[in-house]
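Next come the chains, spelled out residue by residue.
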Amino acid sequence: EAGVTQFPSHSVIEKGQTVTLRCDPISGHDNLYWYRRVMGKEIKFLLHFVKESKQDESGMPNNRFLAERTGGTYSTLKVQPAELEDSGVYFCASSKKFFQVNSNQPQHFGDGTRLSIL
Amino acid sequence: GQQVMQIPQYQHVQEGEDFTTYCNSSTTLSNIQWYKQRPGGHPVFLIQLVKSGEVKKQKRLTFQFGEAKKNSSLHITATQTTDVGTYFCAGFHRGSTLGRLYFGRGTQLTVWP
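For the protein sequence lines, the chains are A and B, in the order given.
According to this note's numbering, the first sequence is numbered sequentially starting from 1.
According to this note's numbering, the second sequence is numbered sequentially starting from 1.
Fair warning: there could be bad hints in the mix.
[Stated by the list, open to error] Computed far set for chain A versus chain B, every beta-carbon distance over 10 Å: (1) F65; (2) G72; (3) F91; (4) G112.
[What the hints assert, rightly or not] Derived PhoX-like pairs (lysine-lysine); straight-line CA-CA distance at most 25 Å: (5) B/K36 x A/K44; (6) B/K51 x B/K70; (7) B/K51 x A/K97; (8) B/K56 x A/K96; (9) B/K36 x A/K97.
Calculated directly from the structure, the hints in this document are not laboratory data.
Bear in mind that the values here come from a model prediction, so they are computed numbers and not experimental data.
Heads up, the beta-carbon is just placed ideally off N, CA and C, and yes, glycines get one too.
Use the sequences and the hints to build the structure in full.
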């Protein structure tokens, strides 16, 4: 099966501009996650979709970040306007539906989008 | 807030030596997952531990989950150059929204031939 794909792989923009990242999860995966990793730090949770609904968006840094998953398929993460501290690698991951309490599905990660804000 | 601490941040070993990375959570975990990220790649799921005191093995890799479900470790016996990469633990905290993973900072393993 095709893995999680992310586009673009790299993006370099100036402070104040807008960037939209896209993630195509594995077909049939209800759960879609966005994470960000700043160099040398942990992979930090941003938000979690179950199909088209936002299950948890408590990790979103501020209202400059907007995530959507229309139709419950691919997702986009828009940063507007971008700031210097938004630089990092943005990972998307997807997983199958959860069936058991306290037992979660493995998350399948995309290759990430390396975002650089100048 | 809820955190997962992971040490060491870096580990350099000679091929054939053993390697261990440790994770510790500030709160009790429902379960913990381990991922490996090769240089230039993305995190790849290795294993999930659910039960208190659980030990699982994958060839030369041994994963442990503490009795209190607050800590975990990954031990690699007789490292090989193919083990190079960053190893992350990621926990699900009891009481948190199911699905949200709390990652440690990762341990970057370098293996010299």
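Determine which of the earlier numbered hints do not hold for this structure and return their numbers in increasing order.
3, 4
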